[in-house]
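Quick note, the sequences are listed as chains A and B, same order. Residues -14 to 520 in the numbering used here are what the first sequence spells out, letter by letter. Residues 107 to 480 in the numbering used here are what the second sequence spells out, letter by letter.
Take the hints with a grain of salt, since some may be wrong.
[Unchecked claim] For lysine to aspartate or glutamate, the following DMTMM-like pairs were computed, each having C-alpha atoms within a straight-line distance of at most 25 Å:
hint	chain 1	residue 1	chain 2	residue 2
1	B	Lys261	A	Asp59
2	B	Lys173	A	Glu503
3	B	Lys178	A	Glu495
No wet-lab data here; the hints were simulated from the structure.
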Amino acid sequence: MTTATDSTHIDDHHDDDHHEHHIPPGIKRWLYTTNHKDIGTLYLWFAFIMFLTGGAMAMVIRAELFQPGLQIVDPNFFNQMTTVHGLIMVFGAVMPAFTGLANWLVPMMIGAPDMALPRMNNWSFWILPFAFAILLASLFMEGGGPAFGWTFYAPLSTTYSNDGTALFVFAVHIMGASSIMGAINVIVTIFNMRAPGMTWMKMPLFVWTWLITAFLLIAVMPVLAGAVTMVLTDKFFGTSFFDAAGGGDPVMFQHIFWFFGHPEVYIMILPAFGIISAIVPTFARKRLFGYASMVYATASIALLSFIVWAHHMFTTGMPVAAELFFMFATMLISVPTGVKVFNWVATMWRGSMTFEVPMLFAIAFIVLFTIGGLSGLMLAIVPVDFQYHDTYFVVAHFHYVLVTGAIFSIMAAVYYWLPKWTGKMFHIGLAKWHFWCSLVSVNVLFFPMHFVGLAGMPRRIPDYALQFADFNKWISIGGFAFGLSQLIFLALLIKACKKQGEPVSDQVWEGAEGLEWEIPSPAPYHSFETPPVVK
Amino acid sequence: MLTALMTAPVFAETSDKIEQFQLNMTRGVTDISAGVYDMHMLMFIICVVIGAGVFIAMFISMYFHRKSRGAKPANFHESVKVEIAWTVIPFIILIFMAVPAMNLLIDMEDASEPDVSILVTGSQWKWHYKYMDNDVEYYSKMATQAEQISGKLPKNNNYLLEVDRPLVIPTGQKVRFLITSDDVIHSWWVPDFGFKQDANPGFINDAWTKVNEPGVYRGQCAELCGKDHGFMPIVVVAKEPAEYDKWISEQQAIQEQAKAEEQRLLAMNMTMDEAMSMGEKIYNANCAACHMPNGEGLPGVFPALKGSQIAIADQPKHIDILLNGVTGTAMQAYAKQLTMSEIAAVVTYERNAWGNDTGDLVQAKDINSAINGQ
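Next up, chain A with everything else stripped away, as it sits in the complex:
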């Protein structure tokens, strides 16, 4: 993979310093980089900064909801906080974090020196900060930022929104372009750059799940782009896609949005399945149970994700036949998802388990994601969804699958591969504090949301009836504690980036298997100069 441009520099430098010498110093290294590891690091730090930013907004929300009445913010700003919190966490934290992991890990796992399209890789990262700068800047414009929920239902986002909507639309377009480029890169890399002998059914599950995720991204990000464009033209150019007065239909917006939105949900969880499928076998010291069925289950979930979108819309007044179809299709998803959970438990069964930090997060993931999955099954049942819909029960459900699901898996992944990236073991004491504080606080935060939701508290309200007061106080306390716990993670990551800690072996973890554990720790700048042969 040494390119022609390298040769011009080679003669005035030592050969043994081959990898280091064409890294420009300072900020230019990061601006111009085409290296998958540098870009992976950029993505991961960006995601973490966005996670803290979106988290700060969640703190504003929880502070306002700490007690009944309006104390801290006005309702209009509250709506901006819920909206931008959602957008940042989905597009700024979870998705870039997974792309960062893919950048770091996919080439190492398939025996490639780098990603297939390194310049596009650079671009797909560097447009992201601009997208989020635009989105965050809109909060400071006259009228404020988007206040219509991250789902931006028309006509609230069209006729009834402020002019800052244009900035929101532009920001989402850039995020979408970035995701599509990232996805193309993953697909091209996996198709073309696998080492000899790395056949499809030998690929690690993280590679498989990301490959399927990348196809989902390419399929649905253009749909999101279409939806925001229609919002833009409805608002500013007099079209009537979502306005009944002009022959449009506001419910059509929801169909288009959720046709993107449901696969998007799996975009944020399939790579997590890959991560857990890597970690559990390592610390159970036993091969993953049912590798092939895991691949097929992932593919089935991805295919089913295209025919379940309207389960987000059961109260919009769909015909009974449509409600039944989407209910049955949604229930079906629990079958392949169940297969995955059963396979992980079977992998642990009669293993030889130890509980290092990545394993702690992985086990927490399995338990808490399963809780979120089961509440999802309850939400699929149309007649009861009429009660659950748009209440805190839904908020509890999707935070269980996204925070204790996607985000816990990302943390598990960082702890699992961080020693490989830095060559040093992270601070285990801090990591355990981070895990236990997060685990306890996240449940104090999200579990009571099931109760207030069932008792009838709608979501996205800045103030609530007195009967919800006590639980909301606990939820807020859990929220602040969870927010503070992430500062432990920040401290740990700063230590790790300063290369503090004990040096680790190439294999790092006793039971770890795979190509990434065969190269030195820290991993060399170009993981595989000559492709390894996979037997």
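Model the placement of chain B on the given structure of chain A, informed by the hints.
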């Protein structure tokens, strides 16, 4: 419990405390809501059993198959039989959930042959109810005072869940709701009735209920509908059919009388003081949510009235906006929401409050001539 709240304030605290920790869905007051509750409990129990099974297996394994207990890893990693079993068994369990859910759904969606039909229209941020079989219609707005929300006054038991005019329905009769919206999407939800239904602008959804017990049932708008989404409660009073009939004929008489009264008022002139004090009340109830009590609006979202050219100069335009709203914005048409003398009062108020000292005094007959296109 409702009577206890009203008759014995000493116990109000205690009954409040009991409701504080409501953990589960309400059983509601209709056969459908009871069916929904039973379906919810069936799902809940199945999910708890599945979850418990998975977690117990996992924790047994975590305890007994630990390296520190000397566990040696087994070698198995595949079994087609097991994979088929845990694909097929969950599928069968799903069928046991799907069949009762389907039957319940089909019952819920059958809104045919109603005894009473009510058109429910959401708008930012109030509900409008129109009895289709009688000449009765009115708006229902939150009655909680702003001082309770800001914490200047103590919050009462029905904080945020009280309205000026509740919807009244008969018990034991099938009441069909035709649900729509004037602006953004809202969602009409009373948990005790076991359903919520979106109010989509330009389209009409239907839903129905048959309440078994007389009582007061409270709910809220459930779909994010803008700034005051959290302040859009629903209160339904279910009365025995005889009482309901009495109520509806009273209302019909009152509304007919009000229309006659409005015609009579056209001939009368308000003084400036009368118009200002009436106008202020109407402004705070209808306009202040967006244009703010100080008339300054929310920059970039809702325009200011204080110092606005329309409010200090262009009076015909001012009246026109009040009557017909502004297309493509959140400004509603108030021609049907307020009487002519109320519109006259609020226009007068807006033209004289907050330093808009135009001295203009608008009368009901001016509004009447604007409506008639003069």
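Each hint tested on the structure:
1. B:Lys261 <-> A:Asp59: Given pair Lys261 of chain B, Asp59 of chain A holds - Cα atoms ~18 Å apart, limit 25 Å.
2. B:Lys173 <-> A:Glu503: OK: Lys173 of chain B and Glu503 of chain A at ~24 Å, within 25 Å.
3. B:Lys178 <-> A:Glu495: The given pair, whose Cα atoms are some 14 Å apart, holds under the 25 Å limit.
This entry satisfies every hint, going by the numbered hints stated previously.
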